[in-house]
Amino acid sequence: MSNEVRAATLDMPGLRGSAWYGHKGNIYAAIIVTLVMLCLAWALLQDMRWIYLLVYIWFGLGYGIFLQYGRFCMASAVRDLFAVGVPRMAVGMLIAVMLFSLTAAVVKVLGVNTFHPHPLGWHILIGGAIFGFGIVFTGGCASGSLYKSGEGNIGSMLVVLSISFTQAYYVTLGGWLNKLVPASWTASAAAKDMPAQLSVTDGWFDQFVAGYVWDLHAGQLADQLGFDGLFSGAFVGNAFLGAILPSLLLMGYLYFVVYRKGYLRRRKVTVPRLRDHLRGVWSMVVSSRNTAIAGLCLGVLAGAHMWATGELREHYGIFNFGELLANMGHTAGLSIQDTVFDPGYWYITTQEAQWGAWLLDKGGMQMSDNIFFGLENGIPNPLINAPGWMSIGIILGAAVIALSRREFKWKVPNLETAMFALVGGALMGLGARIGMGCNIGAFFATVTNGDLSGWVFLGGMTAGGWLGVKAFNSWMEWRSGDDDLAI
Amino acid sequence: MAVKFEKVSDGDYLLDVTGYVCPHPQMYTKKVLCKLGSGDVLTLMFDNPSSCESIIAMCESAGDELLERADDGGSFRWRICKA
Numbered sequence: 000m001s002n003e004v005r006a007a008t009l010d011m012p013g014l015r016g017s018a019w020y021g022h023k024g025n026i027y028a029a030i031i032v033t034l035v036m037l038c039l040a041w042a043l044l045q046d047m048r049w050i051y052l053l054v055y056i057w058f059g060l061g062y063g064i065f066l067q068y069g070r071f072c073m074a075s076a077v078r079d080l081f082a083v084g085v086p087r088m089a090v091g092m093l094i095a096v097m098l099f100s101l102t103a104a105v106v107k108v109l110g111v112n113t114f115h116p117h118p119l120g121w122h123i124l125i126g127g128a129i130f131g132f133g134i135v136f137t138g139g140c141a142s143g144s145l146y147k148s149g150e151g152n153i154g155s156m157l158v159v160l161s162i163s164f165t166q167a168y169y170v171t172l173g174g175w176l177n178k179l180v181p182a183s184w185t186a187s188a189a190a191k192d193m194p195a196q197l198s199v200t201d202g203w204f205d206q207f208v209a210g211y212v213w214d215l216h217a218g219q220l221a222d223q224l225g226f227d228g229l230f231s232g233a234f235v236g237n238a239f240l241g242a243i244l245p246s247l248l249l250m251g252y253l254y255f256v257v258y259r260k261g262y263l264r265r266r267k268v269t270v271p272r273l274r275d276h277l278r279g280v281w282s283m284v285v286s287s288r289n290t291a292i293a294g295l296c297l298g299v300l301a302g303a304h305m306w307a308t309g310e311l312r313e314h315y316g317i318f319n320f321g322e323l324l325a326n327m328g329h330t331a332g333l334s335i336q337d338t339v340f341d342p343g344y345w346y347i348t349t350q351e352a353q354w355g356a357w358l359l360d361k362g363g364m365q366m367s368d369n370i371f372f373g374l375e376n377g378i379p380n381p382l383i384n385a386p387g388w389m390s391i392g393i394i395l396g397a398a399v400i401a402l403s404r405r406e407f408k409w410k411v412p413n414l415e416t417a418m419f420a421l422v423g424g425a426l427m428g429l430g431a432r433i434g435m436g437c438n439i440g441a442f443f444a445t446v447t448n449g450d451l452s453g454w455v456f457l458g459g460m461t462a463g464g465w466l467g468v469k470a471f472n473s474w475m476e477w478r479s480g481d482d483d484l485a486i
Numbered sequence: 000m001a002v003k004f005e006k007v008s009d010g011d012y013l014l015d016v017t018g019y020v021c022p023h024p025q026m027y028t029k030k031v032l033c034k035l036g037s038g039d040v041l042t043l044m045f046d047n048p049s050s051c052e053s054i055i056a057m058c059e060s061a062g063d064e065l066l067e068r069a070d071d072g073g074s075f076r077w078r079i080c081k082a
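Line order of the protein sequences matches chains F and C. Position one of the first sequence corresponds to residue 0 (numbering that gives the first Met the number 0), numbered consecutively onward. Position one of the second sequence corresponds to residue 0 (numbering that gives the first Met the number 0), numbered consecutively onward.
Just chain F, same shape as in the assembly:
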């Protein structure tokens, strides 16, 4: 019998045998669900076209529910491997990758796949490493910090705040940083003949994007391998070779390097045969049932999200939500191309940067004279920021399930945790901007669509996570030297 089952006798006292309304958490959860439904109905009554934005909320709620249910945080996928030798989250993440790759392939065959590959270069590895280092200290990845905010964790809210403002600030930085930018980037950016109001030769991020990233190649594996057929390209090239095969290889690696020894010892197997190893792999997959289920559901949900947004784009004849907003008379905050950030799938960090930029803009800072906001993503009011509502949906979805599972608790961070949240969040923000996304946008959404840059990001994130655990251990050793941690 597993530890989980054996020790569950005292789990959640009073939960069994009582009516659902007898628990305050369920009442609060029902209130949240009711308020969300009323707001959604109100928005649709104003204009049916808001359904484009509401789809983001619905999927955000779904992501939040399953993230909290499976305690699904990609930070722990790399951190817990090195910190405590636990592969359960890495396995859950790989399950989600395999499922999402299949659903993304279906969406591609249906002709409404919204994915755009990321240019591959050293920046992906470096950004991933900085991001991976930061997540060890914040205690959660970009999505993890959102769902933990829904559990009442104010420290995680500080992480979200830090990621939001630091990203917005980074992309506007110029001054002395201009001197560190390679001359070749400046020259290449200048040669792009961009609109004058973007001042692309002033500011490190603009020169990094226009002078370096835009000169790199991006692509999906099916195209790179010459798989022309729609089915073979989507399922064999992108899904199987780009995502499923690498995931299976990584799961095999995790079993043999991390899980096998403990499993065989527990089973008292001294001379393992192939069937023992196969049972061991299955044991690793189901060792955390909730995480595995969450991985399955998130994989399917992410593909369905891409399909729903793609269908709506077809229906309204648009490529970007900005066009729909303009048609509805909301032109404030659009980029100079009349676009806003609208990935059409699960994404986290860019909309958080927009939140920060919107507030800084209201505070008087010039936030639109750059490629990130001025040309590509815009700075829409948070009330009409569709991916932003997906993030809020994650918080609310997680809050609903945390309340119903009696796991919601307002938790005020101490000084140490607050500092880790702010500094770690700033590192995550920097890593996300250099790597062009977080563990979702730069890894999960990319590898599942045959874009190998995501595996490079994961490599960087793993290296950064390893370094972060080393640094965290040093911090713990230093802390335990002068307080009551010594026996």
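If you are wondering where the hints come from, they were derived from the structure by calculation, not from laboratory data. Don't take every hint at face value.
Mimicking PhoX-like on lysine-lysine, the simulated pairs with C-alpha atoms at most 25 Å apart in a straight line are [unchecked claim]:
#1 C:K29 to C:K6
#2 F:K469 to C:K29
#3 F:K469 to C:K34
#4 F:K23 to C:K29
#5 C:K6 to C:K34
#6 C:K29 to F:K260
#7 C:K3 to F:K408
#8 C:K30 to F:K469
#9 F:K408 to F:K23
#10 F:K267 to C:K29
FRET-style restraints, in silico, Cβ to Cβ [said to hold, decoys possible]:
#11 C:A82 to F:M418: 47 to 53 Å
#12 F:E476 to C:T17: 17 to 23 Å
#13 F:G251 to C:D11: 52 to 58 Å
Here a beta-carbon is modelled for each residue, glycine too, at the ideal position from N, C-alpha and C.
Given chain F, work out where chain C should sit, using these hints.
Just chain C now, kept in the frame of chain F:
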């Protein structure tokens, strides 16, 4: 609010990481379990739900036994017997 680790009686220890988020609870638990002897019992107090799955998996892997777990309102009090 600081991490608290104390010896309650012979073979009985308490680790209180209430207020801390990932990765503190699981990393401090691992550190403390490494210090204990076989058969020692650790009472672990924490309030970070995300650490639950990791601590269970960690105990499974090491062969440590989760004797009892009381989970209520986002606060957790578990007793773990070191293998």
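- [ ] Determine whether the Cβ-Cβ distance between G251 (chain F) and D11 (chain C) falls within the hinted range of 52 to 58 Å.
- [x] 41 Å, violated
Open item on the list: For K30 (chain C) and K469 (chain F), compute the direct alpha-carbon distance and say whether it is at most 25 Å.
Closed with: 14 Å, holds
Task: Distance restraint between K469 (chain F) and K29 (chain C), which requires alpha-carbon spacing of 25 Å or less - done: Satisfied, since the Cα-Cα distance of roughly 15 Å is no more than 25 Å.
Open item on the list: Would the hint linking K408 (chain F) and K23 (chain F) be met if the CA-CA limit is 25 Å?
Closed with: Holds. K408 (chain F) to K23 (chain F) sits at ~13 Å (cutoff 25 Å).
TODO: Below or equal to 25 Å on CA atoms is what counts here, so check K29 (chain C) against K6 (chain C).
DONE: 16 Å, holds
Open item on the list: For K29 (chain C) and K260 (chain F), compute the direct alpha-carbon distance and say whether it is at most 25 Å.
Closed with: 18 Å, holds
Open item on the list: Does K34 (chain C) sit within 25 Å of K6 (chain C), going by the straight-line distance between their CA atoms?
Closed with: Holds, because 12 Å separates the two Cα atoms, which is no more than 25 Å.
Open item on the list: Given the hinted pair K469 (chain F) and K34 (chain C), is their Cα-Cα distance within 25 Å?
Closed with: 19 Å, holds
Task: Given hint K408 (chain F) paired with K3 (chain C) - CA-CA distance at most 25 Å - done: Distance ~21 Å between K3 (chain C) and K408 (chain F) Cα, so the pair holds.
Task: Proposed proximity, K29 (chain C) with K23 (chain F) (alpha carbon, max 25 Å) - done: 35 Å, violated
TODO: Take a look at whether the Cβ-Cβ distance between A82 (chain C) and M418 (chain F) falls inside 47 to 53 Å.
DONE: Taking Cβ atoms as reference, A82 (chain C) and M418 (chain F) lie about 36 Å apart, which means the hint is violated.
Open item on the list: Quick check: does the Cβ-Cβ distance between E476 (chain F) and T17 (chain C) fall within 17 to 23 Å?
Closed with: This hint holds: roughly 22 Å between Cβ atoms.
Hint compliance for this structure: hints 4, 11 and 13 are not met, and every other hint is.
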